[in-house]
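Student: Line by line, the protein sequences give chains A and B. Just so you know, the working numbering puts the end of the first sequence at 808, numbered straight through with nothing missing. Just so you know, the working numbering puts the end of the second sequence at 184, numbered straight through with nothing missing.
Derived from the structure by calculation, the hints contain no laboratory data. Cβ coordinates follow ideal geometry from the N, Cα and C atoms, glycine included. It cannot be assumed that every hint is accurate.
[Stated by the list, open to error] Just so you have them, the derived chain A footprint on chain B, three or more residues with Cβ under 8 Å:
(1) 27-39
(2) 47-57
(3) 62-70
(4) 144-154
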Amino acid sequence: MSTTLKLPKAMEDALHRINPSASRRDFLRASGALVVSAGFSAIPGARAIAAVAGTGLYPDPDFLQLDTWIVIHPDNTATFFVGKTDGGQGTGTAFRQMMSDELDIAYDKTSLIMGRTDITPDQGGSGGSDAIERDGLPMRRVAAEARRVLLEMAAEQLGAPVAQLKVKNATVTVSSDPARSVTYAELVGGKRFDVKLAGGNVDATGGMADIKPVDDLQYVGQSLQRYDIPAKVDGSLTWAVDVKLPGMVHARNVRPPVAGAALRGIDESSVADIPGFIRVVSRGNYVAVICEREEQAIRAAQQLKAEWAPPADAPFPASEELFDYIRGATPTSSSDPEIEGDPDAAFAGADRVIEAEYDVPFQGHTAIGPAHALADPSDGQMTIYSNDMKSYGLRNGVAEFLGIPREQVRVIYMDGPQVYGRTAADDAGFEAAFLAHELGRPVRIQWTRDEETAWDTKGPAYSFSLRGGLDARGRVVALEYDARAVDYNHVGYNEADTVLIAQLMGRRPAEPARGNAATPAVMYAIPNRRTNSQVVALPMVWETPLRTGNLRDPNGPQVTFAYESFIDELATAARADPVQFRLDLLAGSNEDDVFRRARSIAVVRAAAKAYNWDERPSPRSRDANRRQTSGQSGAGPEESPILTGRGISYTFRSRTIAAAIAEVEVNRQTGHVWVKRLVCAHDCGLVINPEGLQRTIECGMLHALSRALWEEVQFDREKVTSVDWLSHPSLRHSDTPETIDVVLVNGDPDPDRSDLAPYGAGEASHKPLIAAVANAIHDATGVRLRRPPFRKERVLAALRAAEV
Amino acid sequence: MSIVTLNVNGTTHEVDVDPSTPLLYVLRNDLGLKGPRFGCGLGQCGTCTVLIDGVAMRSCVMRTSQARGEITTLEGLSKNGNLDPLQQAWIDEQVPQCGFCHNGQLLNARALLDRNPDPSDAEIREAMDGTLCRCMTYYRIQAAIKRAARSTMAAAQGSPTESTEAQVKGAAE
Chain A
5 MSTTLKLPKA
15 MEDALHRINP
25 SASRRDFLRA
35 SGALVVSAGF
45 SAIPGARAIA
55 AVAGTGLYPD
65 PDFLQLDTWI
75 VIHPDNTATF
85 FVGKTDGGQG
95 TGTAFRQMMS
105 DELDIAYDKT
115 SLIMGRTDIT
125 PDQGGSGGSD
135 AIERDGLPMR
145 RVAAEARRVL
155 LEMAAEQLGA
165 PVAQLKVKNA
175 TVTVSSDPAR
185 SVTYAELVGG
195 KRFDVKLAGG
205 NVDATGGMAD
215 IKPVDDLQYV
225 GQSLQRYDIP
235 AKVDGSLTWA
245 VDVKLPGMVH
255 ARNVRPPVAG
265 AALRGIDESS
275 VADIPGFIRV
285 VSRGNYVAVI
295 CEREEQAIRA
305 AQQLKAEWAP
315 PADAPFPASE
325 ELFDYIRGAT
335 PTSSSDPEIE
345 GDPDAAFAGA
355 DRVIEAEYDV
365 PFQGHTAIGP
375 AHALADPSDG
385 QMTIYSNDMK
395 SYGLRNGVAE
405 FLGIPREQVR
415 VIYMDGPQVY
425 GRTAADDAGF
435 EAAFLAHELG
445 RPVRIQWTRD
455 EETAWDTKGP
465 AYSFSLRGGL
475 DARGRVVALE
485 YDARAVDYNH
495 VGYNEADTVL
505 IAQLMGRRPA
515 EPARGNAATP
525 AVMYAIPNRR
535 TNSQVVALPM
545 VWETPLRTGN
555 LRDPNGPQVT
565 FAYESFIDEL
575 ATAARADPVQ
585 FRLDLLAGSN
595 EDDVFRRARS
605 IAVVRAAAKA
615 YNWDERPSPR
625 SRDANRRQTS
635 GQSGAGPEES
645 PILTGRGISY
655 TFRSRTIAAA
665 IAEVEVNRQT
675 GHVWVKRLVC
685 AHDCGLVINP
695 EGLQRTIECG
705 MLHALSRALW
715 EEVQFDREKV
725 TSVDWLSHPS
735 LRHSDTPETI
745 DVVLVNGDPD
755 PDRSDLAPYG
765 AGEASHKPLI
775 AAVANAIHDA
785 TGVRLRRPPF
795 RKERVLAALR
805 AAEV
Chain B
12 MSIVTLNVNG
22 TTHEVDVDPS
32 TPLLYVLRND
42 LGLKGPRFGC
52 GLGQCGTCTV
62 LIDGVAMRSC
72 VMRTSQARGE
82 ITTLEGLSKN
92 GNLDPLQQAW
102 IDEQVPQCGF
112 CHNGQLLNAR
122 ALLDRNPDPS
132 DAEIREAMDG
142 TLCRCMTYYR
152 IQAAIKRAAR
162 STMAAAQGSP
172 TESTEAQVKG
182 AAE
């Protein structure tokens with residue numbers, strides 16, 4: 005007995021409705037929406053059409069055709085097609101809000117299709133918090149152009165000039181004679197716009213119409229509920245993990261037992277007795293087993309006997325040796341120092357010089373659901389069902405990897421477990437496609453927990469050295485920043501020669517990616533500065549589980565942890581209040597970017613106000629701490645083990661400003677840290693959906709709180725030893741703050757301007773949080789923790805060493 | 012292979028499988044259910060949770076032959092076309108980000124409210140602690156559990172339920 009699940013109903017409905025007839029099919033071919041009604045069964049027919057068209061099965065949707073972006077249906081509803089994906093931050097709902105506003109159609113009369121490479125224009129998928137800021141603009145311009153075209157059509161039909169028409173809810177009316185009206189459906193429902201757009205690239209796409217001024221936007225600014233949530237809570241959503249095809253089989257990978265091991269042999273007889281066993285597929289050091297049923301494949305992967313030869317040299321130091329290794333390594337690249345003023349002279353003349361070193365370990369994605377994909381090779385094409393956030397990159401990468409025309413490959417993006425950069429290097433999509441290509445049957449693959457935790461891409465580890473000079477009045481006169489990132493051979497863009505299967509097969513580019521050691525994003529007025537950044541490599545560059553990739557603002561949390569911790573250390577040395585110290589540094593900034601400076605000051609002030617910040621230097625006095633905690637608990641002054649404190653951190657990500665304040669309780673007997681309260685003030689310009697934004701800001705902070713308190717990828721000298729939720733703990737319900745306050749700030753120097761722009765919000769609140777927690781722990785205890793995660797053993801050791 | 016009888020969401024099924032197969036794969040691949048999902052295969056994360064006679068169980072580490080009793084999956088949580096108060100609270104609070112783990116969050120919350128209709132904050136944290144979310148929606152999950160508890164008790168007492176409109180704290184300054 006088996007079942008076959010199809011595409012989500014909403015997607016099927018939308019696709020069915022836009023392809024009801026042969027003439028419609030011609031239109032769809034021209035608009036790039038070919039074979040959308042094909043589902044899984046009509047590929048041969050579609051192929052015949054494609055052959056006639058001479059463009060291959062899945063030609064690139066033409067982003068310069070209005071029909072590629074918007075279809076008006078005969079029932080006066082619309083479907084929007086965008087080249088984006090939504091990792092659960094509500095961007096899909098936001099796209100519909102923006103496009104509904106520009107098109108003048110009711111939001112609930114619209115639907116949205118995202119990230120399907122055969123029918124949505126290539127906007128690159130998701131990444132870099134760009135969804136609203138960059139990719140929303142062509143969506144808005146295209147919808148505005150559709151409205152303009154519809155008004156022209158209506159003018160002709162109604163015999164009245166455009167200037168005398170008004171439009172609401174997809175209906176155009178003559179202003180002076182409301183009886184004369186025509187709907188969008190009557191004008192173009194089920195037909196082509198056949199309107200050419202302009203633009204040298206997809207980001208620049210637009211027409212002759214302008215987007216609306218902010219005051220004319222109806223849905224933008226409203227907290228509409230996310231359309232995707234009901235199906236996620238009632239169990240009706242079909243996720244990428246759920247798709248089943250006739251003839252589908254199941255695969256599991258068999259990884260090298262230690263990093264860099266070479267495959268010497270496979271004993272296929274060790275699994276031949278497993279019911280449903282089909283094949284072992286191996287090439288180079290890549291090995292997978294394929295069985296008819298999922299549990300059979302899991303058993304076969306565990307049972308397969310393979311001989312592996314370990315590498316001659318250790319692939320990496322153990323995690324406890326990592327930071328000594330980083331500091332002692334010869335960099336693979338060094339950026340030219342950025343120098344402002346005369347830092348050497350300023351340090352020489354400083355009243356005091358403060359120095360500190362910070363370390364951040366490798367931290368992984370460790371998605372709640374391991375990597376997975378289903379690939380269908382039927383009829384000489386390749387369709388991949390995937391939650392790849394960059395589905396277009398997967399399509400191109402798979403075509404190159406398999407050596408087949410990209411017009412034969414499509415990726416159907418569907419919901420999946422959290423993305424945050426992990427699926428930008430979609431190992432499972434390549435593996436499923438390779439195995440399906442080998443076998444000639446649809447293959448579904450899913451990684452195991454230990455495989456995902458050990459072998460997913462990692463955020464780069466860092467070591468930092470900072471030095472600051474204060475004058476006699478406590479002002480910062482010089483600052484030197486040195487960063488070293490373990491980021492050589494950074495992967496993350498679905499390249500056919502860097503995904504894990506390619507590496508294990510021995511396929512690789514001539515040179516690894518150089519990687520990046522980032523510098524801080526600050527507006528502070530520090531007249532003399534030197535900024536250095538260097539990349540170092542681990543001994544093993546290829547086929548290693550310590551592959552770096554994009555993890556939610558790939559370098560931001562690490563760099564901001566070091567920099568904003570150090571600013572706090574300088575404030576303490578200057579006996580200054582941490583908020584006022586930052587405001588003074590911001591106010592005195594001689595940066596030309598008044599826009600960013602004004603908004604930074606507004607955000608820091610808003611955070612302090614929302615928290616009800618008490619102005620004083622850090623750390624808090626022990627007497628004050630004991631008075632408060634004993635008052636709270638009712639215990640005597642010497643009995644309470646709880647120390648409380650608060651810390652702030654500020655940064656920006658692209659054009660979005662965020663300041664976070666954490667309030668902590670530190671148990672000085674156990675070392676346990678509970679972040680009791682979080683505040684985030686956040687300015688991302690025009691807000692499309694306040695509630696959706698608030699949720700994303702909250703979860704961005706809590707994701708970073710997990711990195712602050714728990715997350716670290718651990719390894720010995722031959723393999724990663726973090727392999728499950730016991731050996732790699734994550735934030736849990738019991739760690740959740742009691743209160744989270746989000747303040748949405750519009751600190752624009754001209755806050756009411758009609759062209760106020762929206763900026764990205766997927767990562768900004770994630771960035772400052774680790775530093776805010778470290779600063780709060782210091783405020784509570786007087787102890788400065790310079791290496792996350794702040795698990796209780798590390799905290800207790802630091803407290804004991806400082807005799808707290 | 013042998014015939015195993017399963018009672019799932021009010022329907023009896025007979026499946027011909029190796030009885031040692033973890034229940035998760037039978038529910039997903041033989042019965043076509045989508046609520047329980049693979050997260051770890053180790054019983055550590057809760058993504059695969061089902062209710063068996065009202066008790067939250069981890070289907071990834073349970074042999075199919077052990078699954079005696081009435082099995083409820085996420086698909087079976089709504090009754091007579093009405094969402095469970097928890098599902099409604101999840102929508103009202105706009106809880107999920109990616110939503111992948113929320114099968115386990117919802118079913119563990121259901122099991123909690125069934126044995127304790129008015130849990131304290133500490134009881135919610137304790138009962139939910141082993142159910143992981145990597146988008147870190149914990150704060151809203153806890154708020155939604157409290158909302159569902161309130162609405163259930165209000166309905167039982169015949170008073171009007173509170174507004175289902177989501178509240179927006181983050182007013183623009």
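Student: Taking the hints in turn, state whether each one holds.
Tutor: Status of the hints after comparison with the structure:
1. Against chain A, the region 27-39 of chain B contributes 6 residues with a C-beta closer than 8 Å to a partner C-beta. That satisfies the three-residue criterion, and the hint holds.
2. Taking a C-beta to C-beta cut-off of 8 Å, the region 47-57 of chain B contributes 8 residues in contact with chain A, enough for the three needed, and the coverage statement holds.
3. Counting residues of the region 62-70 of chain B whose CB lies closer than 8 Å to any CB of chain A gives 0, which falls below the minimum of 3, so the coverage claim is violated.
4. Requiring three or more residues with a Cβ within less than 8 Å of a Cβ of chain A, the coverage given for the region 144-154 of chain B holds, as 10 such residues are present.
Consistency with the previously given hints fails for number 3 only.
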